[in-house]
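Colleague: Residue strings, one per chain:
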Amino acid sequence: MRATDFIIPLITVAIMLYGAVKRVDVFAVFCEGAEQGLKTCMDILPALVLLMVCIGMFESSGAVDALTRFLKPLCDLVRFPAECMQMVILRPFSGSGAMAVYNEVAAANGADSFAERVAAVLIGSSETTFYTIAVYFSAVKVRRTRYAVPAALTADLTAWIVCGITVYAFFGA
Amino acid sequence: MIIFFGKGRRDLKVILIVLPLISLVFAVINGRVGELSSSILDRSGEAVTLAISLCGIMCFWCGLMKVAEASGLVENAARLLSPIISLLFGGLKKGGKAAQLIAMNLAANMLGLGNATTPLGINAMHAIAEETGAEGVADDNMIMLTVLNTASLQIIPTTAAALRQANGAKDPMEILPCVWIVSVYAAAVAVAAAKIMGWISRRSGRARGNSPKIK
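Going down the list, the protein sequences come from chains A and B.
In terms of my numbering, the first sequence is residues 1 to 173.
In terms of my numbering, the second sequence is residues 1 to 215.
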């Protein structure tokens, strides 16, 4: 039994209870939300196929090994596994792309490996920066975004710098 | 470039053209064209497997979060956030429409309500535009909202955990503290960067005499 084992069950119980107390039709509302989740899953499938094929080609051709060797000295500075650099590069553009890279890293390095954990932490702690900026600013018809892109990219850069060190501190290499 | 790539998201098109092209070149050099060919067929199937294996947890989480939304949890979280918001967003009316929508958007972000965050965020952008009268040019509050949205402040990283589960990790949630630490660092640095860049841009704008309208 670990402390993190409690998180999901506690949240589940708390939200169900809170919903019942607030007289929400828990069953109907839950199903409505679950339907949205199903739709999201199916909506990403076409993009996921395309990006998983592209990332898979990149991996199987040996291009990843070349990229990894090239970027390793830079990554070693911040204890970042060079295998995950594809994630850092693709994450700001595409969520499906990040998932594809995660799957590739997990398959190549094994579950619970250092690289796998770093890839998962990166997915959890960063966003599709360019996509978000495009959606938000085009909604209000803003063309001059001034310093929005560089400011948002500092978040991605910071995540890259901190991620390897943090995972190393918690789990070792 | 624009003519060549046509309409749509140009950044993605570049990725989709560059990745397979580089792959083909490397596969020829490394003599791995056979592996390249089979990877195309394999990964198409694996994508379907992955999407289906994520389906269950996605449905459960979205359902649960819909219950949270319907019982007013987002509004409660938004109220808790409002002091932080008046600190980060300068010059907005206290308790005004923009401040409220920003709080709702950030609360939805933290709870991981994927479907609810974007409409709230877009409405917040409209409300900011209305309040500050910015037109065509991003103002500081718009940028702050976008930066906070791109920094991913999710409390429970569901997608990451589901992906780990699907790939056979022993304890998918064990990365939780790491995710929190990395997101907080990233968000803090990005907020600081936005504040500093805003200050510099206002100063140089004033020097040139064309500063964007700021109330």
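Hints in this document: simulated from the structure, not taken from any laboratory.
Ideal Cβ positions, reconstructed from N, Cα and C, are used throughout, including at glycine.
A hint or two may mislead.
With the C-beta cut set under 7 Å, the calculated list includes, among others, these residues of chain B facing chain A [stated by the list, open to error]:
#1 39
#2 47
#3 89
#4 91
#5 149
#6 151
#7 157
#8 165
#9 168
#10 169
#11 175
#12 190
Colleague: Give a verdict on every hint.
Modeller: Going down the list of hints, with the structure as the test:
no. : hint : verdict
1   : 39   : holds, 4 Å
2   : 47   : holds, 4 Å
3   : 89   : violated, 14 Å
4   : 91   : violated, 16 Å
5   : 149  : holds, 5 Å
6   : 151  : holds, 4 Å
7   : 157  : holds, 3 Å
8   : 165  : violated, 10 Å
9   : 168  : holds, 4 Å
10  : 169  : holds, 4 Å
11  : 175  : holds, 5 Å
12  : 190  : holds, 4 Å
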